[in-house]
Every structure is written in C-alpha cells, then in structure tokens.
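Full structure from sequences and hints, please.
Which chain is which? The protein sequence lines are A and B, in order. Quick note: the first sequence, position 34, residue 34 per the numbering used here, numbers continuous. Quick note: the second sequence, position 18, residue 18 per the numbering used here, numbers continuous.
Because the hints were derived from the structure by calculation, they are not lab data. Hints are supplied without guarantee of correctness; some may be wrong.
As the list claims (entries may be wrong) - Below, a list of computed lysine to aspartate or glutamate pairs in the EDC-like style, where the Cα atoms sit at most 16 Å apart: (1) B:Lys264 - B:Asp228; (2) B:Lys79 - B:Glu2; (3) B:Lys264 - B:Glu294; (4) B:Lys254 - B:Glu285; (5) B:Lys79 - B:Glu60; (6) B:Lys38 - A:Glu102; (7) B:Lys181 - A:Glu15; (8) B:Lys8 - B:Asp66; (9) B:Lys38 - A:Glu93; (10) B:Lys57 - B:Asp18; (11) B:Lys181 - B:Glu209; (12) B:Lys40 - B:Glu172; (13) B:Lys139 - A:Asp60; (14) B:Lys264 - B:Glu211; (15) B:Lys264 - A:Glu102; (16) B:Lys38 - A:Glu91; (17) B:Lys8 - B:Glu60; (18) B:Lys268 - B:Asp279.
Claimed, not checked - Here are the computed distance ranges between Cβ atoms for each label pair: (19) A:Gln76 - B:Arg216: 21 to 27 Å; (20) B:Lys79 - A:His19: 50 to 56 Å; (21) B:Glu285 - A:Arg96: 19 to 25 Å; (22) B:Ala248 - A:Glu102: 23 to 29 Å; (23) A:Ala37 - B:Ala240: 56 to 62 Å.
From a predicted model like this one, the values you see are computed outputs, not experimental measurements. We treat Cβ as the ideally placed atom computed from N, Cα and C, and that holds for glycine.
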Amino acid sequence: MAQTTVHVFPGVIFEHHSHLTVTELSRLCTVEAPVIADLVEEGILEAIADEHGEWRFRGDALRRALTALRLQRDLQINLPGVALVLELLDEREQLRRALRRER
Amino acid sequence: MEFKDYYKVMGLARDATDAQIKKAYRRLARKYHPDVSKEKDAEARFKELGEAYEVLKSPEKRAAYDQLGPGHRAGEDFKPPPDWGSGFEFAGAGAGAGGSNYSDFFDTLFGRAARGRAGTGFDPGDGFDQGQGRDHHAKVMLDLDATLQGGTRTFTLRVPQLNADGRLESKERVLNVQIPKGILAGQTIRLAGQGFATGSAAPGDLYIEVEFQAHRLYRLDGRDLYLDLPVAPWEAALGATVKTPTPAGIVDLKIPAGAHGGSKLRLKGRGVPATPPGDFYVVLEIALPPAVDEKSKAAYLAMAAALPFNPRAQLSAQS
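Next comes the structure, spelled out in structure tokens:
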C-alpha cells in the first residue's frame, strides 16, 4: 500500500527563545532601525541593555511593535496616540479577563 | 468573478463627496481595525474596506468604477466590458509589490501595479528585503486542547507568492504544524525557513500568532484555566469528594465543608502547561435539585422545618 508522508513542521514558541536586537526586530517588522528607536522613545516598547550596552527586546516586543505599526499606518495615528491606544487596549483586555473569571 | 459594491461596503450613496468618503473610511477603519475590533469578521471587513477606499478615494479609479454602471449587485458574476480601462491611467498610483490582499475583482479592473498602501491586514509592510527572503506573519484560531495536549494542527494560509513571471499571486498553502504545548494566547509560533523565498535568497520565517476558541468546559485567563463545577447543596454544606475534569484527566476533588456558590478552589500547576505552568481554578456553582414530585417537595419542607434559615437576613434594615 502506498504510504503518504505528511510533513509536519515543528512549531517553536517564538517568545521563549528571543532576545531580539534592534536589527532583528526592525527586520522582522520590515522597518528601519530608527522606527524601532522611536517606539522605545515613546514607551511603546521596552528595551533592556545587555552587557555591551546594546538594546535587547523580549520576544513579545514583536507582536507589540507590529500592532503599533499597523495602527499608525492604517488609522494614521501619531506615536503618542498609538501609545495611548495600546494602553487602553491592554486595560480593556484586563477588564475582559476579569469579567471572564467572574462570568 | 464577483462584483464588489464599493459604495455599499462603505455605506455610502453613489454621489458621496470626497469628504464623505474619507470620513466614512476613517470611521469604519477604527471600527474594523483587526487590532482593535472584537467584531467576528473584522479582518475580512477591514480588507474589503481598504480595497473600497483605494478605489473611491482616487478620482480616476472612481470614475472608471462608476462607468461600470449602477446595475450590478454585490456578489453577482461579473466580467469587465471589452473596452475596459481605455482612457484611464492607473499606473504610478503608489505602485508597489504589496501583499496580494485585494480581491480578483480589484486586480482585474485596476491591475496589481495600482496597489496603494491601504491597510492590508497582517502584512507588516510593502516591499521586499533585498538580501534575504521575506518573513510572513499570520494569525490563527486554535482549539484550547492544542496547547493543553500539544499535537498537530493543519492550517490553510493565503500566501502571496512570486510566480514564474515574477508577478505576485495569492496561493493557498496548507501546513501541518506541531503545536508547542503550553503556548499562550497572543504568543507566536515560529517556523524557520517557511516565509517567502524571493529570487535566490534563502526564504524568511513564518510567524503565526495564536488565539484560542472558546472551550466547552474551561475558560482561559492567561495561563490559568477556570472551570464552573456544579455541586449539590449538601456537597457544598457537608463537604464531599467529587470527580472533576482537568486537562490532565479526571481527578478526585475534595470540596471543603461550608463551601458556597462562587467559592474558588485552586489546583496549583494544573492550568496551561506553560513555563511556569498556570493554575486550575474550580468555581463552585450550587445546583438545586428540582422539586417535581411529592418526595422532593417533602424533602424541601422537612429542610425548611428543620433549619432556622433566613437567606435575606442581611437585607433587613434593622433587626
């Protein structure tokens, strides 16, 4: 009997294995490095300095940066506005979670 | 090919002014932006909106579209007239090789070269990296069991790919992915080398953001799980050991005497098997046996006679 091999790709949780540099993060977001620096400046992303003083980002910075860039591009919001929207979205998510716990 | 009624998509009359079009776009973009909206079909609506705006905001494209006439209905089969496009110039309007997110209808009428930079959902940007293949970002809804048990899931992704002529086309791609156990909502699965191959460059990576569907039994809160567990009044009052489903299988759960509705029991480390693992919370719900026959009514009456119980004691103003 003919055997069909189904290729299964092993998924890796990106957030577990990443301490991204500015270069990596900007490449992942297809933007120039100064754009990432602006997001840090605005307090949208949190950068940690490594032993050489270079910025490092936790893996979840990717999702946050992509969301911020989409909001900026699609709704034409400036960065302070994007920061505010993200904070309000976080707050909304916390409230939703509290509601789910209580139901 | 399906006809698209761009005016209907934007909720506008055919004689809408440019100002009205812009205003409608802004309002609907805020409403359906996939990062903000909780509407079910937000992403599809947002893409449709971006496409409609791309046409209606441009005087040339709008005039050409209007020329098709108002006789078409959304969704009906459509073929462009043979003289289509003569006298109109679309090229150069923000040309770019963006993600292939617009409909066949748009592509046929205006061509891929006419793409602007309207919102294109989850593609981070237009243009290609020269040195390296391009990463691709996608988003999927998973069942909760995928993170609780691990296992393989099949995704169908729409991926823009360059064909032999170097043109972008949208292709369906079916991928079997081993789901990493313990992945949380909002986290990302990375598949190395499964992004786009561009020319001779090594392909980029594929990033899949994960969200979860509602589960039959459990509610998800970060890495913690919640289960509503119905108990009988005597089980809550006297304490009991009851069989309880958890992700790791059925366990014997000890309910302490004097428990009440809403009491939370925590099973440490029995939530989502992430690192560190989440907790499993059982929320007690007192279920009342129905008084449907003589025997059950008698039992309730006996209880009423035996217990000096006023559930509204706290409501009385003064005692």
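Of all the hints numbered above, which does this structure not satisfy? Sort the numbers upward.
Failing hints, ascending: 3, 5, 6, 12, 14, 17 and 19.
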